[in-house]
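Could you slot chain B onto chain A? The hints should help.
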Amino acid sequence: EPEVTQTPSHQVTQMGQEVILRCVPISNHLYFYWYRQILGQKVEFLVSFYNNEISEKSEIFDDQFSVERPDGSNFTLKIRSTKLEDSAMYFCASRLGVNGANVLTFGAGSRLTVL
Amino acid sequence: KNQVEQSPQSLIILEGKNCTLQCNYTVSPFSNLRWYKQDTGRGPVSLTIMTFSENTKSNGRYTATLDADTKQSSLHITASQLSDSASYICVVSEGGGSYIPTFGRGTSLIVHP
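So the sequence lines, in the order shown, correspond to chains A and B. When the letters of the first sequence are read in order and numbered with the numbering used here, they come out as residues -16 to 98. When the letters of the second sequence are read in order and numbered with the numbering used here, they come out as residues 31 to 143.
No lab work stands behind these hints: they were computed from the structure. Be a bit skeptical, because a hint or two may be false.
Cut-off 27 Å, straight-line C-alpha distance, at most; resulting in silico cross-link-like pairs (BS3-like, lysine-lysine) [unchecked claim]:
1) B:Lys67 to B:Lys31
2) B:Lys67 to B:Lys101
3) B:Lys47 to B:Lys67
4) A:Lys40 to A:Lys25
5) B:Lys67 to A:Lys40
6) B:Lys31 to A:Lys25
7) B:Lys47 to B:Lys87
8) B:Lys101 to B:Lys87
9) A:Lys25 to A:Lys61
10) A:Lys61 to B:Lys87
11) A:Lys40 to A:Lys66
12) A:Lys25 to B:Lys87
13) B:Lys87 to B:Lys67
14) A:Lys25 to B:Lys67
15) A:Lys61 to A:Lys40
16) A:Lys40 to B:Lys31
17) A:Lys66 to A:Lys25
To list a few chain B residues with every Cβ distance to chain A over 12 Å, as calculated [as the list claims (entries may be wrong)]:
18) Leu44
19) Lys47
20) Pro59
21) Thr86
22) Asp97
23) Leu112
24) Ser113
Quick reminder that beta carbons are idealized off the backbone N, C-alpha and C, glycines included.
So here's chain A without its partners, still in its complex pose (with noise of 0.2 Å):
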């Protein structure tokens, strides 16, 4: 069955620290997201990416955040300075998009350790 990967699985930083989370989502899926967990507390929506580009994003997605899709493959998500309060599990997810087809199929998701 088609699996969306994430890499790495785990990642420790310093704060003020750049740090890419990578994401290869479902080959034929064409909307692709982030979202983050905090350890404890509720899926989060970061942002979501179509046809090369930001469709729509939340109040979290700041400046600090940014998406690319470098190649027809990766999915990538930045943060450039990290927080502490950046510590989370991201989970990439990605949908095929066509009519009734909108399941997500989540990663493993990474967990971030900012120090």
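Then chain B, alone, in the frame of chain A:
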């Protein structure tokens, strides 16, 4: 503001027993409601998805119901197994072109032998 409320927050049951998890939402306009299972430290995995016209859907031992009039959904787990221990998350999506799903906080289910 769109909200999804789940109850109970946590639940402990014995292996083999049935349980029902609840979800109330205020998302409007409504597009679809999904239940996800999230194992600790893993990404959510879809169990069921229901649109406005569907009021029940099954996936093995999982049965979801939807009452679009009262904006309530339930997830019933039959003959629970130890592997059912996880967080169960209700996710409701808006219609009208926006696709920002609203996540509930989840119900943490623990199944004891």
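We went through each hint and held it up to the structure:
no.	hint	verdict
1	B:Lys67 to B:Lys31	25 Å, holds
2	B:Lys67 to B:Lys101	21 Å, holds
3	B:Lys47 to B:Lys67	18 Å, holds
4	A:Lys40 to A:Lys25	17 Å, holds
5	B:Lys67 to A:Lys40	25 Å, holds
6	B:Lys31 to A:Lys25	16 Å, holds
7	B:Lys47 to B:Lys87	20 Å, holds
8	B:Lys101 to B:Lys87	16 Å, holds
9	A:Lys25 to A:Lys61	21 Å, holds
10	A:Lys61 to B:Lys87	39 Å, violated
11	A:Lys40 to A:Lys66	19 Å, holds
12	A:Lys25 to B:Lys87	24 Å, holds
13	B:Lys87 to B:Lys67	15 Å, holds
14	A:Lys25 to B:Lys67	13 Å, holds
15	A:Lys61 to A:Lys40	14 Å, holds
16	A:Lys40 to B:Lys31	16 Å, holds
17	A:Lys66 to A:Lys25	20 Å, holds
18	Leu44	25 Å, holds
19	Lys47	26 Å, holds
20	Pro59	14 Å, holds
21	Thr86	18 Å, holds
22	Asp97	21 Å, holds
23	Leu112	21 Å, holds
24	Ser113	17 Å, holds
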